[in-house]
Every structure is written in C-alpha cells, then in structure tokens.
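Please work from the sequences and hints to get the whole structure.
One point on numbering: in the working numbering, the residue at position 174 of the sequence shown is 174, and numbering is uninterrupted.
If you are wondering where the hints come from, they were derived from the structure by calculation, not from laboratory data.
Treat each hint with caution, since some may be false.
[As the list claims (entries may be wrong)] The calculated lysine-lysine pairs, modelled on BS3-like cross-linking and capped at a C-alpha distance of 27 Å, are:
no., residue 1, residue 2
1, K123, K145
2, K115, K182
3, K178, K145
4, K51, K123
5, K51, K137
6, K137, K178
7, K132, K145
8, K115, K145
9, K113, K95
10, K166, K123
11, K115, K51
12, K51, K95
13, K95, K182
14, K95, K115
15, K123, K95
16, K51, K166
All values reported here derive from a predicted model rather than from experimental measurement.
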Amino acid sequence: MTYQELINEIRDLGFSDDSEIEEFAEAGLLFSAINRAITRINLELYPIIEKYEFDISDNDTGYLYITMTDIDDLFLDFADMPVLFERDGANFYTKFGDYEIETDNTLVINADKHKGSFRVFYKVAHETFTGKTSQLKEDLPLQLKVHHLVPLLASYYVWNEDEPTKAAQYLNLFEAEKAELKEQAFARKFKVRVMSGGL
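Next up, the structure:
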C-alpha cells in the first residue's frame with residue numbers, strides 16, 4: 001500500500017471527499033494521524049528491522065564498542081535475535097551470544113576472542129511522512145502483512161473528533177485484527193510437530 005492509497009482509504013472510511021482530506025492535510029491532522037498509526041504498529045506489532053554489518057580483523061584488540069545511534073539515527077532497540085556471526089568467510093552466519101549491551105544502544109564485543117564478520121539486526125523508527133508529492137508513491141515502511149491495519153488506526157485518529165462512533169468502530173477493528181495477528185505469530189512460534197509412532 002502506498003501513502004496515496006492509504007490517504008484514499010482514510011477518506012473512504014470517513015465517507016468523505018478529497019476537499020475535506022485536503023483540509024485535514026493543511027491543518028497537519030492527516031499526516032500526524034498517519035505517522036502515529038505507523039509508529040504504534042511498528043512498536044506494538046511488527047517492528048521495522050534494519051541490518052548493520054561489520055568485521056573484526058586480526059588487528060583489532062580489546063573491547064569493541066558499537067553505538068547504534070551513531071550508525072543509524074532512527075535506531076530504537078536491538079531486535080530479539082540481534083547478532084549473527086560468520087567465521088573465516090564461510091558464507092554462513094550463526095547465532096552469536098558472546099556480547100554485552102550497554103545503555104540500551106551500544107554493542108560490546110571482545111575483539112581478542114572473536115574475529116570475523118558480524119551482522120546486527122535492530123529496530124528503527126520510520127521516516128516521518130510529511131505529504132510531499134514524492135512520498136505519496138512510496139510504499140508504507142511496515143511489513144506488508146500489517147498494511148491493512150494502518151487505515152483503520154489512522155482513521156480512528158483522523159475521525160475521532162468529528163465522528164467518534166465511527167472512529168471507535170475502526171479502533172475496535174484495529175484491536176481485533178492486531179490480536180489475531182499476535183495469536184497467529186504465537187502459534188507459529190510454538191508450533192510442535194508430532195511424528196507418527198510417538199516421541
């Protein structure tokens with residue numbers, strides 16, 4: 001879904017027209033609602049994940065400190081499984097757990113003990129939507145499977161003052177869809193395969 005498609009859905013959910021949506025845009029309400037909706041879904045449901053790669057060479061010694069806010073100013077937090085490690089150019093990354101995290105944003109690795117290539121996965125904030133023409137054709141920065149939630153939540157923020165009953169319906173739909181996605185994710189995470197013949 002593009003930002004323009006999202007705006008069209010917000011308009012249609014409000015049974016409105018382009019002129020009223022333009023008024024909301026000029027007042028800043030439309031863009032604020034879109035940004036709030038994307039931020040909430042990013043934080044509560046499916047985060048936007050980025051990747052940072054670096055090498056520790058034979059010349060590196062002591063503790064290596066990587067401050068992620070210096071790497072990416074949109075950094076929010078480390079992903080659930082933040083670090084992978086590739087030893088000796090094997091072109092295969094494995095989970096790596098021998099690190100520390102300081103002040104919630106700095107990765108610390110002992111370069112005397114570990115050499116090779118590393119990947120760090122982390123959560124980021126989205127770029128603010130300002131309504132520029134060039135942004136309208138861009139896809140929403142969230143995973144595709146949650147795009148359908150953005151119009152519901154953004155519509156709640158847009159229409160809550162003028163149409164509180166309608167807005168509440170959209171919020172309820174959002175919460176129901178969100179709960180279903182969380183349930184599906186939980187089921188996938190703990191799915192057990194039972195083989196015939198017992199365990």
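We went through each hint and held it up to the structure:
no., hint, verdict
1, K123 with K145, "holds (17 Å)"
2, K115 with K182, "violated (38 Å)"
3, K178 with K145, "holds (11 Å)"
4, K51 with K123, "holds (9 Å)"
5, K51 with K137, "holds (25 Å)"
6, K137 with K178, "holds (26 Å)"
7, K132 with K145, "holds (25 Å)"
8, K115 with K145, "violated (38 Å)"
9, K113 with K95, "holds (16 Å)"
10, K166 with K123, "violated (33 Å)"
11, K115 with K51, "holds (19 Å)"
12, K51 with K95, "holds (14 Å)"
13, K95 with K182, "holds (25 Å)"
14, K95 with K115, "holds (15 Å)"
15, K123 with K95, "holds (18 Å)"
16, K51 with K166, "violated (40 Å)"
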